[in-house]
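Novice: Listed here are the chains, written in short residue letters.
There are 2 protein chains.
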Amino acid sequence: MSQPNAISQISAGENSVAAVARRARAASRSLARLSLEARNEILTAAAKALEGRAATILEANERDCRAAQPAVDLGTMSPAMFARLRVSERGVAQMAAQVREVARLADPLGRRLAATELDEGLILHKESCPLGVVGVIFESRPDVVPQVSALALKSGNAVILKGGAEAAHTNEALVALWRETLGQFPGVPMDAVTLLHSRADVLELLALDQDVDLIIPRGSYELVRYIMKNSRIPVLGHGEGLCHVYVDSAADIEKAIAVSYDAKVQYPAVCNAAETLLVHQGIAGTFLPPMIAKLREAGVEIRGDAKALAVVANQGVVPATERDWATEYGDLILSVKIVGSLDEAIEHINHYGSRHTDAIVTENSEAAAKFMNEVDAAGVFQNASTRFADGFRYGFGAEVGISTSKLHARGPMGLDGLTTYKYKLYGQGHTVDPYSKGEKKFTHKPLD
Amino acid sequence: MSQPNAISQISAGENSVAAVARRARAASRSLARLSLEARNEILTAAAKALEGRAATILEANERDCRAAQPAVDLGTMSPAMFARLRVSERGVAQMAAQVREVARLADPLGRRLAATELDEGLILHKESCPLGVVGVIFESRPDVVPQVSALALKSGNAVILKGGAEAAHTNEALVALWRETLGQFPGVPMDAVTLLHSRADVLELLALDQDVDLIIPRGSYELVRYIMKNSRIPVLGHGEGLCHVYVDSAADIEKAIAVSYDAKVQYPAVCNAAETLLVHQGIAGTFLPPMIAKLREAGVEIRGDAKALAVVANQGVVPATERDWATEYGDLILSVKIVGSLDEAIEHINHYGSRHTDAIVTENSEAAAKFMNEVDAAGVFQNASTRFADGFRYGFGAEVGISTSKLHARGPMGLDGLTTYKYKLYGQGHTVDPYSKGEKKFTHKPLD
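Heads up: the sequence lines are chains A and B, in that order. Here the first sequence stands for residues 1 to 448, numbered as in my numbering. Here the second sequence stands for residues 1001 to 1448, numbered as in my numbering.
Each hint should be verified, as a subset may be incorrect.
[Claimed, not checked] DSSO-like, lysine-lysine: derived pairs with alpha carbons at most 30 Å apart:
id, chain 1, residue 1, chain 2, residue 2
1, A, 126, A, 441
2, B, 1126, B, 1441
3, B, 1048, A, 48
4, B, 1294, B, 1307
5, B, 1440, A, 294
6, A, 441, B, 1126
7, A, 440, B, 1294
8, B, 1441, A, 48
9, A, 126, B, 1370
10, A, 294, B, 1437
11, B, 1445, A, 370
12, B, 1370, A, 445
13, B, 1048, A, 437
14, B, 1441, A, 441
15, A, 445, B, 1048
16, A, 48, B, 1445
17, A, 229, B, 1229
18, A, 48, B, 1307
[Claimed, not checked] Computed footprint of chain B on chain A, listed as stretches where at least three residues anywhere in the stretch have a Cβ under 8 Å from a Cβ of chain B:
id, stretch
19, 110-124
20, 182-194
21, 380-388
22, 393-400
23, 420-432
Since the hints were made in silico from the structure, they are not lab data. Bear in mind the structure is a predicted one, so any value in this text is a computation, not a measurement. Each residue gets a CB set at the ideal place from its N, CA and C atoms; glycine is no exception.
One chain only, chain A, in its complex shape:
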């Protein structure tokens, strides 16, 4: 809804977040006018600029890494976080490659999603178009800057970025380079990409529902919860990733071990890693002992319910508590529960899950269909690791985030998540009056 009075009351300076958002809104109107060729040309130029200015980026990153070193030494920054902060020469090349990848993707704009003849000469088109202005709030990894900037440009959106303080110089260098590239094209607004600097800026941004259409937080559970609680703007993201693997009575044991192991061990810190393993009682005796042995070998702590403990008594499994079923460990810890039926597994997941991604291992296609229809999650997998839930792996080219909301975008969000649609109606002076009076009738003929 339009609140022109509210807008005119904002009297902040040129560099206030409100002014940034207003300029981003104006920029978004210009972006929406760019042809696919123009958008791809800019993306190619940005990829080249990344390569050509690798030294500047690495220098800025070196400053961030030096500044972070004391925190690493003190143990207040984890080695994993420090690793995500560091950008290598190969990292810059990958950024450029990703931007080129986005240039290669099909145009997400102006797609005809539906076409109907309402009556003779009265044609309705449903057509994809940009959202407008998107705010992306992320932590540490600076490669988010070119990735999100590329997706936003390709989809005709302006973007306002806020990265982690620890990556300030790197992010600044990347955004400066991107804006410079934009500036080289006549009629293309540099304000299509802006970087915010402080936490206070973020709070201001979250109130600007007139000029910002969507907020995407990427980061810790705490960050996402904070954003969701404080925003007047719609937020898409995932606060939690509590994924399950359910090993059905009709599972192939080899597949079950491979999928469960990968889902837990391959990268335990991420949201699409599994936290709970549900096992049908009919297969627990044959499946669990070798599974637990393999997981224990990889250093995984296993917390089992009473039934699981009975099955794998001597394998160093500790008792699970009610709390475990609701915990995203993000670490080499796995809770294990034995269930009496497929229904019990589905119920457990719908009660404790985070609607992110859950997998069933089974050779029984009926059981798979039931699980995949009834589990309420963005991703439901049969005989595949939960770790596949990712924009690149899904073939989206890149992702701006993963949504556990059911509205608008669900699961990994690529270009589609950054578009909306509008209805275009073409008439010949048509009025509603004769249809209301029954003098004319709608034909409602699908076209295409």
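Given the coordinates of chain A, work out where chain B should sit on it, guided by the hints.
Specialist: Chain B in isolation, oriented as in the chain A frame:
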């Protein structure tokens, strides 16, 4: 996100709103399992029940109308609102016809929205599915009950309804009849439709983000604003309908008069009626005098800017103020502004509009394309009245509401607005590890 602790802390009674929502959630799981045939069979039975029990519905409605009479006499209930409350025999027949119409619509569930081979034997489907539980809060018109119940059932959703107090008996009779119909089908939960009774119930409902997926308010600006402000659940609706008609310099005068007249006069109280007429200065001299004469004849009060006043000096036009451009009259009042260019018209609409529906009248297809691409609204029309923005007229069979949000659903919302999607991934024991190590590569081949 799952908050099992929060859930278990709710210790309210069986009839609390929390308990209603929990039962609705359970019902939604059963509904999601019903085949298209089963859902359509229930709809047909509900249509028959409406016809067979018309007398009961009319009796209940008579009670509501009698109770409302004093308010009408006192002038606290408008005659228009009273008219919307009253249900005739023909009205009941129309309700039944609408339910049958929904039965005839294509299945919105299980539609394959995309299919990709990620690698050999690893297939990703994007498939439509129900949202789950939807809350619909509406005023006066009891025909919303069968309409929304039918759309919800067809799309596999449970629905929690709250109607206006003035229609309490009618709504109660309609919901009772609907639940009775559901109860006649084994395995179909009556809790698929529930009616709430008080404003306090609504406030409770708005906090239940674990069990309710979407809130759709239908009613006054105040109602919608109240819901949006107080909900922890996503809300889709429209708080305001400030629609524009822009008459371009290349407009056909006859079409311009017909479209503008229909958009203002045909039904001024509704959200898709026009509030502001923008006229290009090049055509104002020929278009405005006959237009204003026709509108004045229909009793429309005209508020013009200085330029408009100069053109139609003797036609009883009063001066408009800044406030007029931001006002949804919902009445026989129209503000008129003369603009110097198409760009000025677009800018005016993007600044003051409500992103609902805006029309251009022009024979110039380039001007139309520019207007339709750059105006930021759910509906952008060429040479057609804004009054066409409606689910029935768009061919959706019925509508649950109109959204001015850009996320999820935009414009009139039919069955599609009540669905989301999930990603189903079918593998053969696939793990992410070999792709991470570069031993395997994704094919990302589009299927179908």
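Novice: Is the coverage entry for the stretch 182-194 of chain A by chain B consistent with the three-residue Cβ rule at 8 Å?
Specialist: violated (count 0)
Novice: Does residue 48 of chain A sit within 30 Å of residue 1441 of chain B, going by the straight-line distance between their CA atoms?
Specialist: 26 Å, holds
Novice: Using a Cβ cutoff of 8 Å, are there at least 3 residues of the stretch 110-124 of chain A near chain B, or does the coverage claim fail?
Specialist: Coverage by chain B holds for the stretch 110-124 of chain A (4 residues, Cβ < 8 Å).
Novice: Holds or violated: residue 126 of chain A with residue 441 of chain A, Cα cutoff 30 Å?
Specialist: Given that 30 Å is the threshold and the Cα spacing comes to 21 Å, the pair holds.
Novice: Below or equal to 30 Å on CA atoms is what counts here, so check residue 441 of chain A against residue 1126 of chain B.
Specialist: Given that 30 Å is the threshold and the Cα spacing comes to 36 Å, the pair is violated.
Novice: Hinted pair, alpha-carbon criterion (30 Å max): residue 48 of chain A, residue 1445 of chain B. Please report holds or violated.
Specialist: 28 Å, holds
Novice: Measure nothing beyond the straight line between the CA atoms of residue 1294 of chain B and residue 1307 of chain B; if it is 30 Å or shorter, mark the hint as holding.
Specialist: 20 Å, holds
Novice: Hint check: residue 1441 of chain B vs residue 441 of chain A, CA-CA at most 30 Å. Holds or violated?
Specialist: 55 Å, violated
Novice: Mind checking the alpha carbons of residue 1048 of chain B and residue 48 of chain A for me, to see if they're no more than 30 Å apart?
Specialist: Violated. Residue 1048 of chain B to residue 48 of chain A sits at ~67 Å, over the 30 Å cutoff.
Novice: Taking 8 Å as the Cβ threshold, is the statement that the stretch 420-432 of chain A is covered by chain B upheld or broken by the three-residue rule?
Specialist: holds (count 13)
Novice: Assess, step by step, whether the Cα of residue 1048 of chain B is no farther than 30 Å from the Cα of residue 437 of chain A, and give holds or violated.
Specialist: 27 Å, holds
Novice: Can the restraint linking residue 126 of chain A and residue 1370 of chain B be considered satisfied, given a maximum Cα separation of 30 Å?
Specialist: Holds: residue 126 of chain A and residue 1370 of chain B sit about 16 Å apart, inside 30 Å.
Violated hints, in rising order: 3, 6, 14, 18, 20; the structure is consistent with all others.
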